[in-house]
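*Asks:* Per the numbering used here, residue 5 is the first one in the sequence shown, and the count goes up by one each step.
Please keep in mind that the hints were generated in silico from the structure rather than gathered at the bench.
On a predicted model such as this, the values are computed, not experimentally measured, just so you know.
One or more of the hints may lead you astray.
To be verified - Have a look at the derived ranges for each label pair, beta carbon to beta carbon:
1. S59 x N156: 38 to 48 Å
2. P57 x E155: 36 to 46 Å
3. N129 x E58: 30 to 40 Å
4. A185 x S84: 16 to 26 Å
5. K86 x S59: 34 to 44 Å
6. N170 x E104: 28 to 38 Å
7. Q62 x N157: 38 to 48 Å
8. E58 x V95: 15 to 25 Å
9. E104 x N156: 16 to 26 Å
Unchecked claim - List of simulated lysine to any residue pairs, SDA-like, C-alpha gap at most 20 Å:
10. K49 x L180
11. K81 x E58
12. K145 x R127
13. K122 x N157
14. K81 x L45
15. K169 x G71
16. K86 x K122
17. K131 x G187
18. K169 x A125
19. K52 x L180
20. K169 x K81
21. K81 x G71
22. K131 x I175
23. K169 x V186
24. K49 x K181
25. K52 x V95
26. K169 x I153
27. K87 x L45
28. K52 x P165
29. K87 x A126
30. K131 x E58
31. K52 x R160
32. K122 x E58
A virtual CB, placed ideally from N, CA and C, is assigned to each residue, including glycine.
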Amino acid sequence: MSCRAQTYRRAGRAALLGMLTWLGLLYPSSAQDIDYQSQSLFIYKFAKYISWPESSVQGDFVIGVYGNSPVLGELEKMASLKKAGGGQRIVVRQINSTEEIGRVHLLYVAASKSRELKDIAARVNSKPTLVVAEREGLARKGACINFIILENNTLRFEINPNELKNHGLRIPPELLKIGFAVG
Numbered sequence: 005m006s007c008r009a010q011t012y013r014r015a016g017r018a019a020l021l022g023m024l025t026w027l028g029l030l031y032p033s034s035a036q037d038i039d040y041q042s043q044s045l046f047i048y049k050f051a052k053y054i055s056w057p058e059s060s061v062q063g064d065f066v067i068g069v070y071g072n073s074p075v076l077g078e079l080e081k082m083a084s085l086k087k088a089g090g091g092q093r094i095v096v097r098q099i100n101s102t103e104e105i106g107r108v109h110l111l112y113v114a115a116s117k118s119r120e121l122k123d124i125a126a127r128v129n130s131k132p133t134l135v136v137a138e139r140e141g142l143a144r145k146g147a148c149i150n151f152i153i154l155e156n157n158t159l160r161f162e163i164n165p166n167e168l169k170n171h172g173l174r175i176p177p178e179l180l181k182i183g184f185a186v187g
């Protein structure tokens with residue numbers, strides 16, 4: 005990688021760190037009033053900055069939403085305007101059963117489906133699929149990333165580096181610094 009490319013990459017990661025920190029501080033949420041717009045922006049940043057294996061960066065970048073969640077509409081709006089990290093077009097799909105998970109790059113598991121995480125994790129085990137959940141403790145139970153709401157009503161996320169490694173995904177150190185490593 006050229007020196008210039010490394011400089012741009014570092015600058016991009018620094019901007020990511022600043023933006024995600026700003027989002028977490030500026031958009032506090034509560035358990036009763038989850039900010040799905042902020043979640044969708046975090047998900048987009050995960051899609052952009054986490055590295056997938058070369059074999060999975062061809063074609064569209066597919067985000068699946070398993071279960072009913074307002075995040076689906078927010079992701080659909082975002083997908084019409086943005087591209088994934090490799091310049092891939094983002095496609096958002098509603099997933100209605102674990103049998104439909106198939107080949108998605110990122111799977112968002114709505115709180116209503118969190119009880120099925122064990123089955124979901126088994127279906128995507130060792131596949132390059134980033135599993136993102138929204139119930140406390142799920143990063144220790146098979147999710148790669150899990151949204152949490154802190155006591156001060158700030159939206160943050162847990163990261164399970166072991167799960168990311170199991171899926172062949174690499175996370176930039178800047179994301180590890182602003183998330184909470186678990187697992």
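*Asks:* None of the hints should be skipped; say for each whether it holds.
*Replies:* A quick look at each hint next to the structure:
Judged by the Cβ atoms, the range 38 to 48 Å given for S59 and N156 holds: they are separated by roughly 41 Å. The hint said 36 to 46 Å for the Cβ distance between P57 and E155, and at roughly 37 Å that hint holds. Checked against the hint of 30 to 40 Å, the C-beta distance between N129 and E58 comes to roughly 20 Å, which is inconsistent with it. Between A185 and S84 the Cβ separation comes to about 33 Å, which falls outside the hinted range of 16 to 26 Å.
For K86 and S59, the Cβ-Cβ distance of about 23 Å falls outside the hinted range of 34 to 44 Å, so the restraint is violated. Between N170 and E104 the Cβ separation comes to about 22 Å, which falls outside the hinted range of 28 to 38 Å. Between Q62 and N157 the beta carbons are some 40 Å apart, a value that agrees with the proposed interval 38 to 48 Å. Taken as a hint, the range 15 to 25 Å holds for the pair E58 and V95, whose Cβ atoms sit roughly 20 Å apart.
Checked against the hint of 16 to 26 Å, the C-beta distance between E104 and N156 comes to roughly 37 Å, which is inconsistent with it. For the suggested pair K49 and L180, the alpha carbons sit about 13 Å apart, so the restraint of at most 20 Å is met. Of the pairs offered as hints, the one joining K81 and E58 is violated, with about 27 Å between alpha carbons and a cut-off of 20 Å exceeded. Between K145 and R127 the CA atoms are separated by roughly 14 Å; this keeps the pair inside 20 Å, and the hint holds.
Between K122 and N157, the direct Cα distance comes to roughly 28 Å. Violation of the 20 Å bound is thereby established for this hinted pair. Between K81 and L45 the alpha-carbon distance is near 11 Å, which keeps this suggested pair within the 20 Å criterion. For the given pair, K169 sits about 26 Å from G71 by alpha-carbon distance, which is inconsistent with the 20 Å threshold. At roughly 31 Å between alpha-carbon atoms, K86 and K122 are farther apart than 20 Å, so this suggested pair is violated.
Taken as a hint, the K131 and G187 pair is honoured in the structure, with Cα atoms around 19 Å apart against an allowance of 20 Å. Between K169 and A125 the alpha-carbon distance is near 14 Å, which keeps this suggested pair within the 20 Å criterion. Distance check on the hinted pair: K52 and L180 sit about 15 Å apart at the alpha-carbon level, within 20 Å; holds. Using a Cα cut-off of 20 Å, the hinted pair K169 and K81 is violated, with the two alpha carbons roughly 30 Å apart.
Only pairs whose Cα atoms come within 20 Å are accepted, and K81 paired with G71 is accepted, the gap being roughly 18 Å. Taken as a hint, the K131 and I175 pair is honoured in the structure, with Cα atoms around 16 Å apart against an allowance of 20 Å. The suggested pairing of K169 with V186 holds, with an alpha-carbon distance near 13 Å, which does not exceed 20 Å. Restraint check for K49 and K181: satisfied, since their Cα atoms lie roughly 15 Å apart, inside the 20 Å limit.
The straight-line distance between the Cα atoms of K52 and V95 is roughly 14 Å, inside the 20 Å bound, and the hint therefore holds. A hinted pair counts as satisfied when its Cα atoms are at most 20 Å apart, and K169 with I153 does not qualify at roughly 25 Å. With a CA separation close to 12 Å, the supplied pair K87 and L45 stays within the 20 Å bound. Using a Cα cut-off of 20 Å, the hinted pair K52 and P165 holds, with the two alpha carbons roughly 17 Å apart.
Pair hint K87 plus A126 does not hold up; C-alpha atoms about 29 Å apart against a cutoff of 20 Å. Taking the CA atoms of K131 and E58, the gap is about 13 Å. The hint holds against a cut of 20 Å. For the suggested pair K52 and R160, the alpha carbons sit about 18 Å apart, so the restraint of at most 20 Å is met. With a CA separation close to 27 Å, the supplied pair K122 and E58 exceeds the 20 Å bound.
Hint compliance for this structure: hints 3, 4, 5, 6, 9, 11, 13, 15, 16, 20, 26, 29 and 32 are not met, and every other hint is.
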